[in-house]
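Chains as they are written, first to last, in this note's numbering: chain A, 308 to 637; chain B, 569 to 866; chain C, 34 to 273.
No wet-lab data here; the hints were simulated from the structure. Computed from a predicted model, the values in this text were never measured in an experiment. Misleading hints may appear alongside valid ones.
[What the hints assert, rightly or not] Here are the computed lysine to aspartate or glutamate pairs in the DMTMM-like style, where the Cα-Cα straight-line distance is at most 20 Å: (1) Lys732/B x Glu61/C; (2) Lys734/B x Glu157/C; (3) Lys192/C x Asp41/C; (4) Lys731/B x Glu149/C; (5) Lys734/B x Glu96/C; (6) Lys781/B x Asp570/B; (7) Lys390/A x Asp458/A; (8) Lys732/B x Glu147/C; (9) Lys217/C x Asp145/C; (10) Lys46/C x Glu626/A; (11) Lys46/C x Asp403/A; (12) Lys618/A x Glu471/A; (13) Lys390/A x Asp403/A; (14) Lys391/A x Glu471/A; (15) Lys90/C x Asp151/C; (16) Lys192/C x Glu246/C; (17) Lys46/C x Asp458/A; (18) Lys734/B x Asp103/C; (19) Lys860/B x Asp839/B; (20) Lys734/B x Asp41/C; (21) Lys435/A x Glu389/A; (22) Lys732/B x Glu96/C; (23) Lys46/C x Glu61/C; (24) Lys217/C x Asp103/C.
[What the hints assert, rightly or not] One side of the interface only, derived from the structure: several residues of chain A facing chain B at Cβ under 8 Å: (25) Asn456; (26) Ala457; (27) Thr459; (28) Ala514; (29) Ile562.
By construction, the Cβ of each residue, glycine as well, lies at the ideal position given by its N, Cα and C atoms.
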Amino acid sequence: MEMNRPRYSLAIMIISLTVFSFLIENMANDYILAIVCFTGINIVLAVSLNLTNGFTGLFSLGHPAFMAVGGYITALLTFPAEKKPLFLPDFPQWLDSFHLPFFPALLVGGCGAAFVAFLVGISVLRLKGHYLAVATMGFIIIIQVLLNNADTITRGPLGLNGLEDFTNTYWVSGWVIVTVYICWKIKFSSLGRSMLAVREDEMAANALGVNLFSTRSFALIVGAFFAGIAGGLWGHLITALTPGSFSLLMSFNIIVMVVVGGTGSITGSVLAAIIFTLTIECFRPLEENFGIYGVGEIVMALFLVLVLIFKPSGIFGTEEPDFVMGKHKP
Amino acid sequence: MDSGYIAQQLVNGLILGSMYALVAIGFSMIYGIVRLINFAHGDIVMIGAFATLAFIETVGLPFPLVALCVFLTCCGVGIVIERVSFRPMRGAPQVTGFIASLGISIMLQNIGILTLSAQPRNFSFPGYMQTILHLGSVSFRIIDLVIFLTAIVLMVTLVLLVKKTKLGIAMRATAENIDVARLMGININHTIMATFAIGSGLAGIAGLMWGGKFGQIDPLMGYVPGLKSFVAAVIGGVGSIPGAILGGFILGLAEVLFVGLLPPIYSSYRDAFVFGTLIVILIILPNGLLGKDLEDRA
Amino acid sequence: MLTVENIDVHRGKTHVLHQIDLHVGHGEIIALIGANGAGKTTTLKTISGLLRPTKGKILYTPEAGKAPIDISTMAPEQIVGAGISQCPEGRGVFAQLSVKENLLVGAYLRSDKEIEKDIQSVYEMFPILGERSTQAAGKLSGGQQMMLALGRSLMSQPKLLILDEPSLGLAPLIIETIFAMLQKINSQGVTILIVEQNAVMALDLSHRAYVLETGRVALSGLSSDLASNPQIQKSYLGVE
Ligand SMILES: Nc1ncnc2c1ncn2[C@@H]1O[C@H](COP(=O)(O)OP(=O)(O)OP(=O)(O)O)[C@@H](O)[C@H]1O
Ligand SMILES: [Mg+2]
C-alpha cells in the first residue's frame with residue numbers, strides 16, 4: 308500500500324498545532340502568546356500571498372490593502388455597542404444593527420476583502436509583471452487615503468482602538484490549518500496545475516485553453532480572502548487598527564517571506580514566516596535596549612537582496628520538500 | 569476665485585513639477601536602459617537632502633559647490649547600488665529587480681533612521697534665499713526661482729547630452745538593444761553605470777531643492793517624491809526623457825490645481841487622486857504621452 | 034585568421050553546440066549553412082563574445098604571421114576592438130536612432146578623424162542612406178535597414194566581417210546588391226564569415242563552407258564541391 312505522505316503531514320500538523328495551542332495558551336505569558344499569534348498570522352499572510360503570486364506569476368503588492376479591508380470590516384462588526392457612543396459618536400445609525408460574533412465577522416471581513424479583490428482584479432489584472440506590482444502598490448495608498456478620510460466609521464488617522472481581544476492561539480492555529488490546507492488542495496488540483504502553467508509560460512497556457520484572466524482573478528480573490536481574515540485576526544490581537552499600519556512596509560515583509568521561502572512553495576512560505584517573525588521579534592528588544600532602530604529591517608532587506616542575487620527562486624523554489632511530500636510526488 | 573489666484577497656483581505647480589521632473593528623468597532613464605523600476609530612486613532624493621545638510625553645515629561649502637558635491641555624492645551612491653545589487657541580477661525576470669529595489673529602498677531608509685534618527689531636521693538655506701518676490705499678483709521666494717531655473721538648466725543639459733554626445737548615443741543604443749549595442753563595441757556596463765550615475769545625481773539635486781523648499785528633511789522623506797516621480801514618468805511614458813519632464817510638470821500642476829481649485833474637503837484625497845491617475849494611465853495609455861512602444865505593459 | 038577549436042556551448046540548460054571546429058583563413062569568404070535551429074547564430078554569438086563556450090578555444094590572428102590570441106574569454110567590446118565585427122540576425126538597426134547615429138555607433142570604438150569620411154563612403158556605397166541620414170532608422174524599409182546594418186558594421190573597420198543571414202526577408206534584387214557589395218568588400222581585404230539560409234547564394238559567394246546539423250559540423254569543404262554534393266543538393270539546394 309502506498310503511503311500518502313502529504314495527508315500524514317497534514318494530520319501531524321493539525322495534531323501538533325492543537326496540542327501546541329493548548330499548551331501555550333495555558334502556560335506561556337502574554338508576550339510569548341502574542342509572538343505565537345503574530346507568527347501564525349504571518350503564515351496565513353505568506354501562504355495566501357504565495358497563492359496569488361507564486362502559483363500564477365502575478366505580482367501583487369496589495370495584500371495589506373486586503374488586510375485593511377478585512378480588518379476594518381471585522382472590527383466594525385464586532386465593535387461593542389456600549390463603546391460606540393464614546394469612540395464613534397458619528398457612526399451611521401443604519402450600520403448599528405449589523406453586529407456579529409467574531410467568527411462570522413471574520414468570514415464577512417474575508418469576503419469583503421475578496422470582493423474588493425474582484426473589483427481590483429477587473430481593473431488591473433491585464434497589466435504585466437512589475438506594472439501590476441506598481442498598480443497594486445498604488446492601490447495600497449488609495450485604501451489608506453480612503454480609510455483616513457472615512458472618519459465617521461474609521462476614526463481616520465487615529466484608528467480604531469478598544470477592539471475586543473478575541474484572537475488567541477486557537478483561532479490563529481485554526482486559520483493556519485485552513486489556509487495551508489486550502490492552498491495545498493488548490494496547488495495540487497488541476498486548477499493549481501493550470502495556475503503553474505500560467506506562471507511558466509503565458510502563451511502556452513493560453514494555447515492549452517487555460518483562461519488567463521479568470522485563473523489570475525481566482526488566485527487574487529482567494530489570496531485576498533485570507534488576507535482579510537488575517538487582517539481581522541491581527542486587529543483583534545493588538546486590539547487596534549490604524550490606516551498607517553497597512554503600508555508598503557507590511558507588504559514588503561510578506562513579500563520577503565514569500566520570495567525567500569520560494570515563490571510557489573507552501574512549505575517555504577510557512578518556514579520563512581516563522582523564521583522572519585521570530586527574527587524580527589529578536590531584534591525588537593535589541594533595538595529598544597540599544598536605541599538602534601531599523602536594524603531588523605536592514606537585516607531583512609539585506610537578506611532579501613542576497614537571496615535574489617544568489618538564489619532567485621528562493622529556498623524551495625516551487626517545490627514542496629521531501630520531508631513533507633515523501634519520496635513519491637503526486 | 570480670481571485669475572491672480574489661479575496664476576499663483578500655476579506657478580506653485582510649475583515649481584513642484586520641476587522637482588518631480590528631475591526625479592522622474594532618472595526613473596525613466598534607468599527604466600529605459602535596463603527595464604528596471606527602481607523603487608530606491610526616491611531614497612536618493614533623501615540622500616541628496618542629507619548630503620546637502622552635511623556639506624553646508626559641517627563642511628561649510630559655498631552654495632554652488634554644495635550643489636556640485638551633492639550631485640557627485642549621489643552619482644556615487646547610484647553607481648554603488650547598481651554595481652552591487654542590480655548588475656548581478658541582470659537578465660533575471662523584471663520583477664526580481666523591482667523587489668530588490670524595494671529591499672534597497674527599505675535598507676536605505678533604515679540606515680538613515682539608524683545613523684541619523686527618525687527625527688525630522690530643520691533645513692535652512694541662507695536668508696536671502698527666503699526673500700519674497702512679487703510679479704503682478706504672483707509671489708514666490710528666491711529659492712523657488714532658483715529651483716525652477718536650475719531644474720530647467722539641468723534638463724536642457726541632459727537632453728543635449730543624450731542627443732548629441734557619444735555617451736548619449738551609446739545610452740540610447742543600449743536602451744534599444746543591449747546585445748546589438750555590445751556587438752558595436754559599446755561597453756554596456758559603463759553605459760548603464762553612467763545612466764545610474766546621472767539619474768541618481770539629478771535625484772540628489774532634487775533632494776537639495778526639496779529640503780530648501782519645505783524646510784525639513786527626514787530619512788523617510790524620499791518615499792513621496794519617489795512614488796510621485798514614478799507616476800510622472802508613467803504619465804510621460806517610461807523610458808522617454810522628454811516624457812518624464814512633461815509628466816513631472818503635468819503632475820505638479822494637476823496636484824496643485826486639484827488641491828487649490830476643488831473644495832477643501834477633497835484635498836486630503838490628493839494622494840488617492842495621484843495613484844488613481846497612475847492606475848488609469850497604466851491601463852488606458854500604457855506607453856504614456858511620449859513613450860515609445862518598447863514592450864507590452866498590459 | 035580565426036580558428037574555432039572544439040567548442041561546446043550551452044544556452045540555459047540546453048547543450049546547443051557540440052565540438053565545433055571551424056577555420057577561416059585570411060582573405061577568405063566562408064559560409065556556414067544549416068537548417069533552422071542548427072546552431073548557426075549560437076556559433077556567431079560565441080565568436081563575438083555574447084555567449085561563452087563551456088569548452089574549447091577560439092583563436093584569432095588579426096594579421097597573418099602574428100601570434101594568435103584566444104578571444105573565447107574576451108568581452109564583446111574587446112573583440113570588436115580586435116577587428117571582428119558582426120552584423121546580427123534580423124539586422125538589429127537601432128530603430129529610434131537616426132541613420133547617421135547608427136553609423137556613429139558602429140564607429141563607437143574609434144576616435145580618429147576619419148569617421149566622418151567613412152560615413153561619406155558608406156553613403157556613396159548606398160546613396161539612399163545619405164538621403165535619409167537624419168531619419169530614424171526604424172522608418173527605413175527592410176532592404177535599406179540591411180544596407181544600414183552592413184554600413185554600420187563596416188564603420189568599425191573590421192578585419193573579419195561576420196554576417197548572420199543578411200538575405201532574410203529581402204527581395205532578390207536587393208539580395209544581389211548586398212552580395213555584390215560583400216564580394217567587393219572582400220576584394221578590399223576584409224575576410225568574411227557568413228551564415229545563410231539561402232544556400233545557393235551562399236555557396237556561390239563563398240570559397241569554402243561548413244554545414245551545421247543539430248549543433249555539429251556535418252560536412253565541410255570547398256563551396257564548389259559542396260554545391261555539387263548530392264546530399265547537399267537534396268537538403269539545402271532544393272534539387273531533387
Ligand atoms: N535564448 C535561448 N535560450 C535557450 N536556448 C536557445 C536560445 N536561443 C536559441 N536556443 C536554442 O539553440 C539552438 C540553436 O539556435 P540558433 O539560434 O543558434 O539556431 P540557428 O541555426 O541560428 O537557427 P535559425 O536558422 O532559425 O536562425 C536551438 O535549438 C534553440 O532552441
Ligand atoms: Mg539564426
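Hint check results:
Note on Lys732/B and Glu61/C: the hinted pairing is violated, with a Cα-Cα distance of about 39 Å set against a maximum of 20 Å. For the proposed pair Lys734/B and Glu157/C, the alpha carbon gap of about 24 Å is over 20 Å, so the pair is violated. Of the pairs offered as hints, the one joining Lys192/C and Asp41/C is violated, with about 25 Å between alpha carbons and a cut-off of 20 Å exceeded. Our distance criterion of 20 Å between C-alpha atoms is met by Lys731/B and Glu149/C, whose separation comes to about 18 Å.
Taking the CA atoms of Lys734/B and Glu96/C, the gap is about 30 Å. The hint is violated against a cut of 20 Å. A distance of roughly 26 Å separates the Cα atoms of Lys781/B and Asp570/B; the hinted pair therefore is violated under the 20 Å criterion. Between the alpha carbons of Lys390/A and Asp458/A the distance comes to roughly 16 Å, so the proposed pair stays at or under 20 Å and holds. At roughly 19 Å between alpha-carbon atoms, Lys732/B and Glu147/C fall within 20 Å of each other, so this suggested pair holds.
With a CA separation close to 24 Å, the supplied pair Lys217/C and Asp145/C exceeds the 20 Å bound. A threshold of 20 Å between alpha carbons decides the hint, and for Lys46/C with Glu626/A the separation of about 19 Å falls inside it, so the pair holds. Simply put, Lys46/C and Asp403/A have alpha-carbon atoms about 63 Å apart, too far for the 20 Å limit, and the pair is violated. Distance check on the hinted pair: Lys618/A and Glu471/A sit about 43 Å apart at the alpha-carbon level, beyond 20 Å; violated.
At most 20 Å may separate the alpha-carbon atoms for a hinted pair to count; Lys390/A and Asp403/A meet this at roughly 12 Å. Taking the CA atoms of Lys391/A and Glu471/A, the gap is near 13 Å; set against the 20 Å cutoff, the hint holds. Proximity of Lys90/C to Asp151/C is assessed by CA-CA distance (about 34 Å); at most 20 Å being required, the pair is judged violated. For the proposed pair Lys192/C and Glu246/C, the alpha carbon gap of about 28 Å is over 20 Å, so the pair is violated.
For the hint linking Lys46/C to Asp458/A, the alpha-carbon distance of about 57 Å lies beyond 20 Å, and the restraint is violated. Note on Lys734/B and Asp103/C: the hinted pairing is violated, with a Cα-Cα distance of about 30 Å set against a maximum of 20 Å. Distance hint between Lys860/B and Asp839/B is unfulfilled; the C-alpha atoms sit about 27 Å from each other, more than 20 Å. In summary, the hint linking Lys734/B to Asp41/C is not supported, as the alpha carbons are separated by about 37 Å, beyond the 20 Å threshold.
Between Lys435/A and Glu389/A, the direct Cα distance comes to roughly 48 Å. Violation of the 20 Å bound is thereby established for this hinted pair. Proximity of Lys732/B to Glu96/C is assessed by CA-CA distance (about 35 Å); at most 20 Å being required, the pair is judged violated. Of the supplied pair hints, the one linking Lys46/C and Glu61/C is violated, its CA atoms being roughly 35 Å apart against a limit of 20 Å. About 29 Å separates the Cα atoms of Lys217/C and Asp103/C, which puts this hinted pair outside 20 Å; it is violated.
Among the interface hints, the one on Asn456/A holds; its C-beta lies about 6 Å from the nearest C-beta in chain B, closer than the 8 Å criterion. Hint on Ala457/A is violated. Least Cβ distance to chain B is approximately 11 Å, over the 8 Å limit. Residue-level restraint check for Thr459/A is violated (minimum Cβ-Cβ distance to chain B is 13 Å; threshold 8 Å). Annotation: interface hint on Ala514/A violated; nearest CB of chain B at approximately 18 Å, more than 8 Å.
Taking 8 Å as the C-beta cut-off, the interface hint given for Ile562/A holds, the closest approach to chain B being about 6 Å.
Checked against the numbered hints above, the structure breaks hints 1, 2, 3, 5, 6, 9, 11, 12, 15, 16, 17, 18, 19, 20, 21, 22, 23, 24, 26, 27 and 28 and satisfies the rest.
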